[in-house]
Each structure stands twice: as C-alpha cells, then as structure tokens.
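Please take these sequences and the hints and turn them into a complete structure.
Protein chains: 4
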Amino acid sequence: MIRAGIIGATGYAGGELVRILMGHKDVEIKWYGSRSYIDKKYYEVYQNMFQIVEDVCRDDNLEELAEQVDVIFTATPQGFLAGLLTEELLQKVKIVDLSADYRIKDVSVYEKWYKIEHKSPQFIQEAVYGLCEINRKQISDKTRLIANPGCYTTCSILTAYPLVKEGLIEPDTLIVDAKSGTSGAGRGAKVPNLFCEVNENIKAYGVASHRHTPEIEEQLGYAAG
Amino acid sequence: MIRAGIIGATGYAGGELVRILMGHKDVEIKWYGSRSYIDKKYYEVYQNMFQIVEDVCRDDNLEELAEQVDVIFTATPQGFLAGLLTEELLQKVKIVDLSADYRIKDVSVYEKWYKIEHKSPQFIQEAVYGLCEINRKQISDKTRLIANPGCYTTCSILTAYPLVKEGLIEPDTLIVDAKSGTSGAGRGAKVPNLFCEVNENIKAYGVASHRHTPEIEEQLGYAAG
Amino acid sequence: MIRAGIIGATGYAGGELVRILMGHKDVEIKWYGSRSYIDKKYYEVYQNMFQIVEDVCRDDNLEELAEQVDVIFTATPQGFLAGLLTEELLQKVKIVDLSADYRIKDVSVYEKWYKIEHKSPQFIQEAVYGLCEINRKQISDKTRLIANPGCYTTCSILTAYPLVKEGLIEPDTLIVDAKSGTSGAGRGAKVPNLFCEVNENIKAYGVASHRHTPEIEEQLGYAAG
Amino acid sequence: MIRAGIIGATGYAGGELVRILMGHKDVEIKWYGSRSYIDKKYYEVYQNMFQIVEDVCRDDNLEELAEQVDVIFTATPQGFLAGLLTEELLQKVKIVDLSADYRIKDVSVYEKWYKIEHKSPQFIQEAVYGLCEINRKQISDKTRLIANPGCYTTCSILTAYPLVKEGLIEPDTLIVDAKSGTSGAGRGAKVPNLFCEVNENIKAYGVASHRHTPEIEEQLGYAAG
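Protein chains in written order, with the numbering used here: chain A, 524 to 748; chain B, 524 to 748; chain C, 524 to 748; chain D, 524 to 748.
Don't read these hints as lab results, they were simulated from the structure.
Hints may contain errors.
The list makes no distinction among identical chains, and a pair is therefore deemed to hold if it is satisfied within one copy or across any two copies.
In silico BS3-like links for lysine-lysine, alpha-carbon gap of 25 Å or less [said to hold, decoys possible]:
(1) K553 x K702
(2) K628 x K726
(3) K660 x K713
(4) K713 x K726
(5) K726 x K564
(6) K713 x K665
(7) K563 x K726
(8) K688 x K563
(9) K660 x K638
(10) K628 x K548
(11) K617 x K628
Below you can see the structure in the form of structure tokens.
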C-alpha cells in the first residue's frame with residue numbers, strides 16, 4: 524500500500540483528493556492535515572464521510588508527516604510548500620503539490636504573478652509538471668516533486684496543446700475564455716462566495732490578467748517548440 | 524413624501540426592503556444604515572444600485588435618524604431595537620421592526636426562545652403584529668410600533684389561519700413543514716452558507732424547535748379564539 | 524389607458540412582458556394570445572397570476588385583435604409577424620415585434636441568417652429598431668412598427684456602442700462572448716432544456732455564427748458611421 | 524466477468540446504472556438498450572461517455588438479450604417487465620427490475636396504486652425486494668428476480684426501519700416528508716421539468732397519496748412484525 528498524507532485535506536481540492544484516493548485500491552490515507560480543524564473528526568467537516576473516515580484532522584508538520592507516509596499531497600495556498608521544502612524532506616517522501624509553487628520554471632515570472640517571494644527556488648528545475656496526458660513519460664518512480672496543474676491551466680492546455688503542437692493555430696492568436704465553478708474560489712468564508720451572491724450569477728474576473736496565464740503560456744510554448 | 528430610514532440596509536432583508544420602497548411613489552429613503560459599510564457607497568455593496576442610489580451607508584444612530592425621517596425600519600438582529608427603543612423615539616417616528624423583538628406578547632416566551640433578555644418590554648403590548656392580511660384594521664396612522672412577522676411565520680400563518688378560524692382543523696394537530704431559501708440565514712460570511720455547501724442541497728434544522736413556533740402559535744391562537 | 528394585446532403571452536418573453544406591463548399604470552392588457560393554451564385561464568399556465576389575471580388565453584387573430592387594442596406585442600417565432608403584417612393592420616394599431624423579422628434592414632441578410640423567406644419586406648425600412656437607449660428620438664407617437672432587439676444584441680450593443688461611437692476600439696477587432704440563461708431557448712419541451720441537463724452546466728453554441736451577429740454588426744455600424 | 528444488459532440505458536436511472544457498473548471490476552456491459560436511440564452511439568446521448576462507451580443503443584428484445592448476458596437490468600416504466608417476463612427468461616438470466624412491477628407482494632395493491640393490470644403476477648412471490656441493507660441474506664446466487672426499491676422508499680425505509688424494528692415509534696404515527704430531485708421525474712421532454720420551471724423551485728406533489736406509500740408500508744410492516 525502507498526501511504527499518503529494530505530495537507531489541506533478539508534479544502535475543496537483536498538476534500539476531492541480524499542474522495543479520489545479513497546477509491547484507489549493501493550492507497551491508504553494516513554494523515555488528514557487541516558490547520559483549521561485540528562483534532563476534529565474529519566467526518567465532522569465532511570459529514571458524507573461519517574463512518575467512512577474515522578481519523579481526526581492533524582496539523583501540517585511536514586517533518587513528522589514525512590516519517591509516516593510515502594507521498595505527501597499539499598493542497599495549500601501559494602508559498603506554503605516553497606516555504607517548507609527541504610532536500611531532507613524530498614529524500615524521505617515524494618511530494619505532489621497542488622499549489623502553483625513549482626509549476627513555473629522561471630522564478631521571476633512566478634514572483635511577478637503571485638506577488639510573493641519564492642523561498643526554495645532550487646527545486647523548481649527538478650519539479651515535473653504533473654499534467655499526465657502530456658508529461659506521463661517524465662513522471663517516473665524516481666520523480667520526487669510533482670507540480671500539479673491548476674484548473675484553468677488543465678482545461679486550457681489540454682484543449683489547445685494538440686492544435687499548437689500540430690501547428691494548426693498561431694499560439695499568439697489564442698484567447699482563452701474559461702469559466703470556473705465557485706469551488707475554485709476555495710472554502711474561505713467570504714461574502715462574495717455565499718450562495719445568495721453566487722447562485723444564477725456569472726462574474727468576469729482576471730480578465731487578460733489571470734495568474735494561470737504564464738503557466739499556460741509556458742506549457743504551450745513547449746508544444747510550439 | 525414619507526421619509527424613511529433603514530437600519531441594516533445592506534442585509535438581505537434590508538436590501539429587499541430598499542428595492543420595494545424604491546418602487547413606492549410616496550416614499551423617499553433618507554438613511555441607509557449599515558454598521559458594516561459605514562461611509563461606503565450603497566451601490567458598492569449592491570452594484571445593481573449603481574447610478575440609482577448615490578447615498579453612502581450610515582451608522583445606526585436612532586436619535587439622529589429620528590430627526591430626519593417619518594418612519595424607521597429596523598432590519599436588525601434580535602435585541603437591537605429592544606436595546607435602544609425609548610418613549611422619546613416613538614414620539615418622533617414610527618418604527619417597523621423586522622426582528623422578533625416585539626412579535627411575541629409574552630416577554631418570558633420571547634426570552635426563552637431567543638435566549639436574550641428583553642430590554643424594553645414596556646412597548647410589547649403597544650406593538651401591532653404587522654401581518655396586514657390579518658391585522659390591517661389594527662394598523663392605523665396612530666400606530667407607532669409595528670412588529671413585522673418572520674418568513675416562516677408569514678407563510679405558516681397565512682396558510683393555516685383560515686382553516687383554524689373556520690374550525691376546519693384541530694390547531695393542535697398542525698405540523699408545519701416549511702423550507703426557507705439561504706437568504707433566510709442572512710448575509711454573514713459563514714462556511715455553511717457558501718454556494719458550494721448549499722447548492723443542490725437541503726438541510727433539516729430547527730426540527731420541532733424552530734424559534735418561529737411561539738409566534739405562529741400565538742397568532743393562530745387568536746384565530747382559534 | 525393604452526390597450527395592449529400580446530401574441531405569444533405564455534412564452535418566457537411573453538410572460539415577462541405581461542409582468543412588466545402589469546406594473547405600468549397606463550397600460551391595460553386586453554388580449555393574452557397563446558396558440559398552445561387557447562381557452563385556458565392564463566393563471567393556469569402561470570400560477571403566480573392566480574387571482575391577478577382572470578383572462579383566458581386567446582388565439583392569434585391579428586385582424587380581430589387590431590379592433591380591440593392600441594398596441595400589439597408579438598412575442599412570436601421568426602416569420603410569424605412578417606407572414607401576417609399588412610398596411611391595414613398598421614393603420615389600426617402600433618406593433619412591437621419581439622422577433623427578428625424587422626430588426627435587419629437588409630432582407631437578404633435576414634433570409635440568409637434565419638433561413639426563411641421574408642413575407643413582407645416592404646415594412647422593413649419603416650420599422651424602428653427599438654433599443655431606446657440609442658434610438659429614443661426615432662421612437663415617436665407616429666412610429667407604427669418597432670423591431671425590439673434580442674437578448675445578445677441588447678447586451679452586446681449597449682456595451683460596445685459607446686466604445687465604437689467614440690472610436691475607442693476597432694470595430695473589426697470586437698469579439699463578443701455572451702452567456703444566456705436557458706429561458707433564452709424558449710419554453711418548448713426539449714430534452715436539452717430539462718433541469719437535469721442544464722443545471723450546473725454551461726454550453727458553447729452559435730460559436731462565430733450566432734444569428735444575432737448581423738443585428739449587432741448593423742447597429743454598431745451606425746455607431747461607427 | 525458478469526455480462527450485464529440494460530434496458531432503458533439512456534434514462535436517468537439507466538445512465539446512473541451504467542456509470543456505477545462501469546466502476547465494477549467484475550461487470551461488463553454488453554447491451555445498452557434504449558428504444559428512443561436505437562442504433563445511435565451511447566456517447567451521443569451522454570457525451571461524457573465519449574471514447575469510454577463505443578456501443579450503439581439497442582432495442583429491448585429480452586429474448587435475444589437473455590442469450591448474451593448473465594443479468595438484465597430493467598430501468599423501464601411500470602408494466603414493461605411484467606408484460607414480458609416468462610419462466611424461460613428467468614431460467615436463462617437473472618433480472619434486476621428498477622420499476623415497481625415486483626416490489627409489492629399484493630398484486631391488487633399494485634394494480635390499485637399504479638392503475639395498470641399486472642401481466643405476470645405469478646413471479647411476484649419469488650421476487651426479492653432488493654434493499655440489501657435489510658434483505659442481504661435473502662439475496663443469493665439462486666435469486667432470479669430482484670425488485671429494486673424506488674427513491675422515496677429507499678430513504679424512507681432505511682430511515683424508519685430501525686425505529687420501527689426496535690419499537691421506538693408507533694408505525695401508524697409515521698409521516699414521511701421526502702424531497703426528490705427532478706431526475707426522479709425522468710428524462711421525458713415535459714414543460715414542468717424544464718430548467719426555467721424547476722430551478723429555485725420546490726413543489727408539493729403526491730401529498731398523502733404518493734404511490735411509493737404501499738411499498739414503504741409493506742416493508743415497515745415486516746419490521747413491525
């Protein structure tokens with residue numbers, strides 16, 4: 524069995540990850556990390572897990588976690604993993620990061636778009652961009668760090684990649700108009716994400732400046748060569 | 524023109540009240556009270572009011588407000604009006620309270636169900652229960668204080684009243700199963716009210732113990748005589 | 524009182540028109556035309572009109588209707604009005620057409636996009652495009668025929684018009700990405716419009732070929748001069 | 524591998540059944556029956572099955588189907604299976620019926636509630652009520668005919684069964700107030716099921732007379748003894 528630990532297990536991405544991993548016959552979730560619900564039963568946060576997950580939520584101690592699992596998933600805000608990642612850690616466990624910390628090869632681009640300093644850029648080159656439909660070959664049992672793509676990037680790249688690859692479109696004429704569900708805004712208690720504000724509504728945001736842009740451009744750049 | 528002031532104008536009840544009063548040809552809203560958005564333009568909170576409402580949000584100073592309007596609507600949490608209401612105030616303005624403070628004649632029942640002390644019970648007897656379909660006659664230009672009914676109470680009483688009045692049902696066999704939209708939970712930023720938690724979902728709450736119960740019982744009691 | 528008659532009063536556009544006209548103090552709806560519900564009470568189709576509208580649904584006899592009202596609204600499929608419109612009719616009543624029959628000045632463009640022959644093109648020049656934010660001056664008490672704009676056209680033109688008018692954008696660089704609610708697909712019983720097919724879903728259609736395109740181009744053409 | 528055939532594979536129940544069976548490692552779907560879409564690719568009806576299900580939709584020839592599979596699921600209207608079921612068929616395949624045809628032991632009760640004649644009542648006694656949480660022991664590899672419970676029956680029985688079984692409630696005081704999503708109304712193109720009619724709406728129906736009542740009463744009757 525592959526022992527997995529999740530940091531950010533009660534967010535929407537983390538919760539979906541739990542659901543998927545529980546359906547994987549070779550994976551066992553050993554650690555439900557959730558800073559907001561430490562010591563609370565996981566099923567108290569997601570009641571559909573009642574009598575399915577008995578674990579309590581844990582903190583985000585990567586050192587301790589690394590001793591107990593084979594792989595760590597970080598479903599965390601930008602900068603979290605970059606702030607804690609060390610060579611020691613990578614020698615003990617494999618890490619799949621769902622944040623943007625290791626998706627962009629050019630650290631200055633990352634820092635410009637996310638407006639935070641990258642605390643451990645030395646691992647960026649090693650990270651494999653985990654879009655398996657395209658990078659499956661680069662993802663092997665030797666891979667230590669996987670940068671999982673974001674929502675818009677996944678749909679945009681998978682859609683445009685073949686067209687760009689085959690030279691069927693001019694990459695610089697590409698306009699991506701993508702819609703995301705509200706879960707994309709996370710599980711934070713914010714008025715704009717309340718049902719009554721969101722329901723039957725659609726809102727333009729990040730127009731011409733969404734931070735997934737460089738990620739899409741970089742990947743499609745490889746396709747274009 | 525009837526000059527109106529609203530305390531709690533940016534909540535869902537207050538926002539709907541604004542919308543309705545703006546359609547009333549004899550009413551002019553003079554005061555958009557909102558503790559959370561003081562000095563912010565009202566249309567910045569509800570952007571559909573852009574170029575329709577130019578006012579900024581004000582505080583909830585009832586004394587000052589009473590000097591400027593003919594009627595005050597309090598779309599506020601339980602206990603707010605009871606904590607500030609005075610004879611002086613009632614001599615200056617009429618008040619329509621959308622909270623439960625003056626809906627229940629028996630103060631001990633109010634305090635039991637809402638678990639707060641009633642700060643000005645001396646006005647309870649004077650208050651008229653503002654369900655105009657039933658109490659229209661009691662609501663005159665002499666009425667100083669109107670206790671506006673709640674959501675469940677309105678639909679429950681209007682539905683059951685004629686049946687009880689005509690003796691067509693045994694009041695004590697009545698079971699009310701009512702559903703409320705999420706706006707009923709207010710505009711507070713709480714995780715349970717997020718779109719992703721609420722959408723396509725329905726939740727039982729207040730089963731056999733919803734605090735609108737005494738209000739419904741009292742009004743139907745009058746119907747039964 | 525302005526006496527109004529509606530053909531297609533039980534469709535979504537017609538139903539909304541009824542709701543709006545009922546709020547107009549100078550208008551009285553004299554004729555609820557609905558081929559699908561002839562002789563049925565209007566409120567049986569829209570139950571929120573119970574005890575508000577007592578009329579039964581009528582057929583779409585324009586001749587008879589013209590004798591009884593001052594204005595006829597046709598909330599009907601493309602080609603309906605064009606197939607029945609006559610000079611005699613226009614001498615008796617004013618007509619506001621919610622279909623596309625008289626929106627496009629070039630009949631060949633209309634026939635190309637809507638794939639139907641235009642049966643009374645002789646009235647196209649007379650028709651005024653009823654986007655009052657832009658054409659208010661052209662709409663007078665002498666206007667006999669108003670071609671009401673469609674959904675996408677209204678939002679697209681109102682958004683782009685000032686930019687084009689002021690020469691702030693190159694009209695031929697304009698890309699309109701608009702979303703419509705399902706009501707835009709009408710009230711026909713079709714599987715793709717069922718709640719379970721539509722809910723939480725979004726679908727691309729009419730990409731680069733939506734039939735509102737010529738209408739938008741024509742109006743923005745006037746803006747560009 | 525268990526070879527399965529589905530009659531009514533393009534309805535909502537059938538579509539969900541396909542989804543579930545495809546996740547079952549020992550099951551292979553051999554026959555996608557759909558009278559409405561004969562010879563059409565299944566993925567053309569449910570596009571999420573593109574490149575996952577290559578089969579075309581077949582008719583509902585039970586005889587032919589019985590030669591090719593081990594189990595037949597009938598996700599069909601009431602009366603369909605009862606009209607075709609024969610001893611020969613049951614000797615060749617096991618049948619799981621998602622309709623009500625074999626759920627109720629008393630054929631007169633079935634005919635009263637569903638207002639149709641039961642064409643093959645001789646198999647009713649043999650049928651096992653497939654609510655596995657309660658009847659798991661009765662469902663063996665010898666079972667030939669399983670009557671799968673309906674939506675309301677499942678949630679109602681699973682909720683009330685333990686209470687009735689343990690004598691914690693008087694069965695005849697039980698009031699079931701259940702809500703169903705619109706998929707429960709099936710995939711027929713009917714105006715009342717259109718998104719614009721259903722969305723943000725809730726409707727009372729089958730009050731005190733829903734046809735799942737006898738099914739619930741029968742099963743809870745066993746619990747009460």
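How the hints compare with the structure:
Taking CA atoms no more than 25 Å apart as the test, K553 paired with K702 passes in neither setting, with 34 Å inside one copy and 37 Å between copies. Within a single copy, K628 and K726 get their C-alpha atoms no closer than 31 Å, and across copies no closer than 34 Å, so neither meets the 25 Å cut-off. Proximity of K660 to K713 under the C-alpha cut-off of 25 Å is found in neither arrangement, the shortest distances being 41 Å within a copy and 44 Å between copies. Taking the shortest alpha-carbon separations for K713 and K726, both the intra-copy value of 15 Å and the inter-copy value of 21 Å come in at or below 25 Å.
Taking identical chains as interchangeable, the C-alpha atoms of K726 and K564 lie at most 25 Å apart only when they sit on different chains, with a minimum of 21 Å there against 35 Å within one chain. Taking identical chains as interchangeable, the C-alpha atoms of K713 and K665 are never at most 25 Å apart, the minima being 41 Å within one chain and 43 Å between chains. In this assembly of identical chains, the alpha carbons of K563 and K726 lie at most 25 Å apart only when taken from different copies (22 Å versus 35 Å within one copy). Taking the shortest alpha-carbon separations for K688 and K563, neither the intra-copy value of 48 Å nor the inter-copy value of 33 Å comes in at or below 25 Å.
In this assembly of identical chains, K660 and K638 lie within 25 Å of each other by CA distance neither inside one copy nor across copies; the values are 32 Å within and 51 Å between. In this assembly of identical chains, K628 and K548 lie within 25 Å of each other by CA distance neither inside one copy nor across copies; the values are 34 Å within and 40 Å between. Taking identical chains as interchangeable, the C-alpha atoms of K617 and K628 lie at most 25 Å apart only when both belong to the same chain, with a minimum of 19 Å there against 58 Å between chains.
When held up to the earlier numbered hints, the structure conflicts with 1, 2, 3, 6, 8, 9 and 10 and fits the remainder.
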